[in-house]
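Peer 1: Residue numbers (this note's numbering): 37 to 164.
Please keep in mind that the hints were generated in silico from the structure rather than gathered at the bench.
Keep in mind that this is a model prediction, so the values were computed, not measured.
Ideal placement from N, C-alpha and C gives every residue a C-beta, glycine not left out.
Incorrect hints may have been included.
[Stated by the list, open to error] Quick list of the computed label-pair ranges, beta carbon to beta carbon:
| # | residue 1 | residue 2 | range |
| --- | --- | --- | --- |
| 1 | Thr131 | Glu99 | 18 to 28 Å |
| 2 | Gly149 | Ile69 | 34 to 44 Å |
| 3 | Ala91 | Val129 | 23 to 33 Å |
| 4 | Ala98 | His130 | 20 to 30 Å |
| 5 | Gly163 | Leu79 | 42 to 52 Å |
| 6 | Trp77 | Gly120 | 20 to 30 Å |
| 7 | Ala88 | Leu155 | 38 to 48 Å |
| 8 | Leu85 | Lys59 | 15 to 25 Å |
| 9 | His130 | Ala91 | 12 to 22 Å |
| 10 | Leu41 | Leu162 | 56 to 66 Å |
| 11 | Asp127 | Asp89 | 23 to 33 Å |
| 12 | Gly149 | His95 | 31 to 41 Å |
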Amino acid sequence: MSSQLRDPLAEVRGLGSAKDGVKHWWMQRLTAIALLPLAIWILVSLLCLLHADYATARHFVAEPLHAVLIVAFIIAMFWHAQLGLQVVIEDYVHTRWLELSSTLAVKFLCLLGALASTLAVVRISLGN
């Protein structure tokens with residue numbers, strides 16, 4: 037009965053649910069929930085370090101708990117950004133090659149940004 041409701045051309049092309057939308061939606065919500073306390077913590081921390089010198093700020097980042105929370109913020113932020121930009125591209129870019137290349141570029145740039153930021157925090161926390 038449900039196959040009668042589908043367009044025959046869509047049936048031939050294999051168009052339909054990719055079975056991935058719910059996971060994407062949940063990941064957006066989970067990263068948003070994770071970002072709430074992390075963003076508040078990082079904002080308060082940055083406000084406390086507003087008039088601190090370089091050595092004090094470096095010492096703050098080098099503390100293990102702070103380094104872990106900063107890395108968690110970085111990962112959640114870039115992941116959430118990648119998920120959100122992917123939705124925008126899928127919704128508003130209708131040329132297939134441009135959609136694919138834009139999605140790949142966003143994923144690559146978010147991964148590169150997350151790796152570079154995490155590397156910076158690790159180098160500071162290890163004292164290099």
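Peer 1: Now tell me if each hint is right for this structure.
Peer 2: Evaluated hints:
1. For the pair Thr131 and Glu99, the beta carbons lie near 48 Å from each other, so the given range of 18 to 28 Å is not met.
2. Judged by the Cβ atoms, the range 34 to 44 Å given for Gly149 and Ile69 is violated: they are separated by roughly 21 Å.
3. The beta-carbon spacing between Ala91 and Val129, approximately 47 Å, falls outside the hinted interval of 23 to 33 Å.
4. Taken as a hint, the range 20 to 30 Å is violated for the pair Ala98 and His130, whose Cβ atoms sit roughly 48 Å apart.
5. A hinted range of 42 to 52 Å for the beta carbons of Gly163 and Leu79 is inconsistent with their spacing of about 26 Å.
6. Between Trp77 and Gly120 the Cβ separation comes to about 21 Å, which falls inside the hinted range of 20 to 30 Å.
7. Here the CB-CB span from Ala88 to Leu155 is close to 23 Å, at odds with the stated 38 to 48 Å.
8. Checked against the hint of 15 to 25 Å, the pair Leu85 and Lys59 fails, with Cβ atoms roughly 37 Å apart.
9. Separated by about 52 Å at the C-beta atoms, His130 and Ala91 break the suggested range of 12 to 22 Å.
10. A hinted range of 56 to 66 Å for the beta carbons of Leu41 and Leu162 is consistent with their spacing of about 59 Å.
11. In this structure, Asp127 and Asp89 break the distance hint of 23 to 33 Å, their C-beta atoms being roughly 46 Å apart.
12. Taking 31 to 41 Å as the suggested C-beta distance range, the pair Gly149 and His95 does not conform, at roughly 25 Å.
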